[in-house]
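Participant: Please model the entire structure based on the sequences and the hints provided.
So you can see what is in the structure, the chains are spelled out below.
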Amino acid sequence: MSRLQLTVNGQAVDLDVPESRYLSAVLREDLRLTGTKIGCNEAECGICTVLVDGTPVNSCIYPAFKARGAHVETIESLSRGEKLHPLQQAFLDHGAVQCGICTPGLIMTAKALLDTKNSRNEAVTTDAIKIALKDSYCRCTGYQSVIHAIQQAAGQDVPPYIPKTRSPGLAVGQARPNPDALAKITGRARFSDDYHFPGMLHARTLRAGRPHARIRSIDTKAACALPGVHAVLTHEDVPGRNLHGLVTVDWPVLCADKVRYTGDAVAIVAADSEEIASQALELICVDYEELPAVSDAIEALDPQSPVLHEGRPDGNLLKHIKVVKGDIETGFAEADIVVDRSYRTPSTEHMFLEPECAIGIPAGYNPANYGGPCDPAAARGETAIHDKTSIYVGSQIPYLDRDQVAASLGVEPDSIRVVATLMGGGFGGKEDVAGQIHVALLAEASQHPVKMLYSRQESLLFHPKRHATLIRIRTGATREGKLTAVQATLYGDGGAYASLSDKVLTRATTHASGPYDVPHVKVDCFAVYTNNVPCGAFRGFGVSQSCFAVESNMDILAEQLGLDALEFRRMNALDVGSVTCTGQVMRESVGLNECINKIDEDMRSDAFHWTWEEGTSRFAWGLAVGYKNTGLGGGAPDKASAEVEIRLDEQNEPRAEVRTSSAEMGQGLPAVLAACATEELGIPLRHVNVLLGDTDYCPDGGPTTASRQTFVSGNAARLAAGAVVQKLTPTAAELLACEPADVLFDQGIFTQAQAEAGGQTKSLAEVVRRAAEAGTQARASYEYWAPKTQPLGTGGDMHFAFGFCAQAVLCEVEMGTGKVHVRKVIAAHDVGRAINPLTLEGQIEGGIVMCMGYALTEHFIQEQAEPWSTVMSRYKMPSIKHTPEIISHIVEDATSTGPYGAKGVGELPSIPTSAAITNAIYRATGVRVMSLPVDQDELLMAMRSGAAEVEMGWGDQSPIPAVTLGGEA
Amino acid sequence: MSGRLAFLRASEQEIAIKICWKNYHSPDSVEAAIELLNHYDGRAQVIGGGTDLLLEIQQGLRPPVEAMIDPARIAGLDRIILDDGHIVIGCTVTHSRIIEDERIIQHGTCLAESCGVIGGPQVRNVGTLAGNVAHALPAGDGTIGLLALDGEVEVADVSGSRWMPLQDAFLGPGKSAIDHHRALLTRLRFKPTGVLEGSAFFRVMRPQGVALPMIAMAARLQLDEQHHISSARISIGPAGPVPHLAEAAMEVLVHGPASREQFREASEAAVSGVSLRSSKYRATREYREEMIRSQLPDVLARASERAVNGSLAGLTEPQGAWQ
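Protein chains in written order, with the numbering used here: chain A, 1 to 969; chain B, 970 to 1292.
Calculated from the structure, these hints are not laboratory results. Please note that a few of the clues may not be correct.
[Unchecked claim] Result set (SDA-like, lysine to any residue): computed pairs, CA atoms no more than 25 Å apart in a straight line: (1) A:Lys-881 x A:Pro-159; (2) A:Lys-130 x B:Met-1174; (3) B:Lys-991 x A:Asp-30; (4) A:Lys-881 x A:Ile-162; (5) A:Lys-819 x B:Glu-1237; (6) B:Lys-1249 x A:Ser-873.
Facilitator: In structure tokens form, the structure reads like this:
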């Protein structure tokens, strides 16, 4: 230990710490300034940026003693009392805050830029912003709002970019920041790793480190004997079910007989520090018998291949998913022209910037017993007494976490409590259980709170990815341009465990004829187990994959038919009255044509050219359309519950709280739920609080997946608010001296229906007070059931709503290097109703940029089932330098069952962008990219050699294999 | 990141939470630094910005050390000065300082350009050119820029200090001739470009998860009154185990006209004069050849234009690699 003196946020600090400390650890652990976040520990993501003597540095790899004597500034220093720094205000105004984990880093980096430019009297140009923030990543916003916010803070007249939408109501349709944004821009927001419970231990997981092996024995004696170790657990210590899983329960909590991928958990350790826990892992001896691994989906179906899950009747075939409409032979017989191609899409990584973290609290925990302060009135947090085994975690499905933890602990779900913390991004990657069960086991075994924080590298190894797919697709059309048939065969690599493979690849299959009216369709999809990292939910949920194939084929067909690419899509677009490939008749809310028309008008407004040259570059437009179901569909019961309560504050003003265990991961759900409550109750938005995800306090909102929360929890909040009004109506009637049936409620005022103008009214506050006096609480729950859907193969409504979109992308291809840049995106999205145009726009811009990454930068590479993408620097997501200008049009073709007409939008924007990009590349270069992500090396060589197609994406190890259409596996 | 990572088992890489050093020293003189290095007898290591070094230790590519010796507080090593006809850059000068230094922008343009594309701003604010050179990667951007300028490095150890040509500092990929457990790279220097002299740098980077350039190249040209080339230096990387000097191409240029044709011919000579390799996920040999063929003439043209115009023709703002 040595003396470290420095100034932090203007205050002199004198610490006694080890010289091996990094600056981030001094700030977060020694000084508890948890506003500075850690995303990668490899100087890659920039979210840990602080200023050292005014200069931005990555605190995660900055030796603390390098900063001796320096002035360090963190996010906590920016606002003075209530007064926000102009950057903080601008991030709020522009909706440049979504999950919030990267926000402190973005703001601190931007602050240094503004300070420098101010001191030099230089302008803050867009280029300067892109240069300064080049290595400050954000996975949510897509950066356009960030750029605008910094421009505003620099004093430029740049208003928030809010797309035009229908005129607003009391709250619905109004652009407002998410209610939690204020905490996120000031560094007060707390994510799981920001909690420090008295007596807390640190846990680590021993992972298999090999893709396939039999476990002969596990010896933990030496690890248990290491001083500072409190618990070492293996499969033998799991009292209940040693498996978890969201659809199929096949994933070991701790492997007993076999490991099936490199990230499999074998043992867990809780110790006084992370370092001791790490040392303990090295002392655990596992005797393995190595088994051959299979890493290719087609190969895995070979009867000679090693089988992952012995005893399954179908070997490595997880599921054969089929869609049949009409008669495919007839369809192709009617076609004048047929395009038949094979495509490949890569496995990709969510790269939410907050690695997984969970904290387990033993039942009966009282912080006073561990030397901490105790507040018996506290409901949650470090000072609260915890009666139940509790888990603090940022998770997309709190109730299923609870149920899975209970099953493994062998207790009733009611004896487990899951408390949702803020989540630093999810995108589908925080649906499967990560450390939740492990920390619960360790907390009970050690009788201490236990924190399990994954390093970025562990997060990459462990959690389910997007499915890599191989797609052969054959599309037939008449000479006039009417689609007659689509036949496709897909192979989806599900990795070692089922996770959501069944559902994801079903979505890939049912969306494989595109948002088109096609009379004859036949699709076969094979979901397969391999020894790769499991694959599960990822924004787009299978549809991102099939859309790339569908929309590439559509472009090829349009060219061969000599038809305009937009016109060809318009001729075949789904509309009211169309029948989807699963046999669903579209009865309403099909805004696809309107989306196409919007981009058509916008794109062709000036002197329009599809393609042109400038210097050594070629520019070209590319198009694609997409659609995505809202909600679980396929016959799954789809419901959400919410509770709304109204209380009077000290000024006698009514305040509402909406409670549901739906998850916020940056998508803006609290803003949506608050808007629904305001719309129904007339209580101003600022007086509506949203409490999400405490299974003891909030009813179940169901999984936050499938673009469903605005629809289901939005409806639940709306109807729960209505139920409160209903409950108060007799009291209002009493006060108004009329029959309850004659009471009207509008914008926070109860009136008597028959009253003359100027007649008697009662405010919500008066009625709530009177009801309370009479013992009636202004509180009600509502369990909302979404319209019933039908399983695949039975016809009827497979989904209760679909969102639609069309995107036009302007690409530049550098003809000298093969480099591809996306310069502009014109997008139109049919969302039913824009409940909050600001947060909606955030979803659209972020989704588009995420899908740009899918096309151009991202590939989670595995070699013989061993991950190559083991560090963040080997997996690049789009940075601010990639951000194009995004023009967004909103189409509001309302769905009658949605809240105020709204449908889901979370996934929609990140579906068609990749195909639009490769379609633009084709127009620019004459080379068609068949495998993502685009490899500029391959592309340039194809251009030089005159090859028409590029089969190798970046990271691919072999050309696209032959795929047989249809048939059995 | 070098390729070794790929051969580590996942579980080994992942146990990254370890102590990389125990003691952290910031001596205030070169002598004190050398004394400390001696004291630790191979168990200490010199740290520059640490942006590469610390990651390599954390990721198991280098062993942890007992002590880090940080020259950051040694007076004078944080400066860029003109001395004895050279621009001299102290070892603690960061990339950010280099790309903003007017003298280097004017008289060592390719170095400013090359340091401007290293990492992102947070890394450039901490990382040093000395660290880049010490890392001895075959295509370190700053290194390629400095090599074209005919740079030199000063090394201090128990036997005193001496200057040596930059090329002599490299033994192989990631292997430096300077023993960082015993010696300190104190300063770097080069002769500023003068009248009728210019330099330029260019690199091609992938947008995907590869931290190193597909190929980088830099050139320094001197013209005579007739605008014939009187001297030329061209550096390319990766083109072999150490940063490569394209001597065949340089020979083609000297005494010839500064013409497009000549530049193309020199680039052809550069291609035939190197042994380019394919590196997995980074670039194929063919692509690298194509880049030298198609992009080196542009680099030479830019250097020549700068020589003639005596200005910073074609200089972009410190690029930050967002091209």
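Participant: Are the hints correct? Go through all of them and say.
Facilitator: These are the hints, each one checked on the structure:
1. A:Lys-881 x A:Pro-159: holds, 21 Å
2. A:Lys-130 x B:Met-1174: Roughly 17 Å between the alpha carbons, so the hint for A:Lys-130 and B:Met-1174 holds.
3. B:Lys-991 x A:Asp-30: Cα-Cα ~18 Å, so holds.
4. A:Lys-881 x A:Ile-162: Distance of about 22 Å is within 25 Å: holds.
5. A:Lys-819 x B:Glu-1237: It holds: about 22 Å lies between the C-alpha atoms, which stays within 25 Å.
6. B:Lys-1249 x A:Ser-873: holds, 15 Å
This entry satisfies every hint, going by the numbered hints stated previously.
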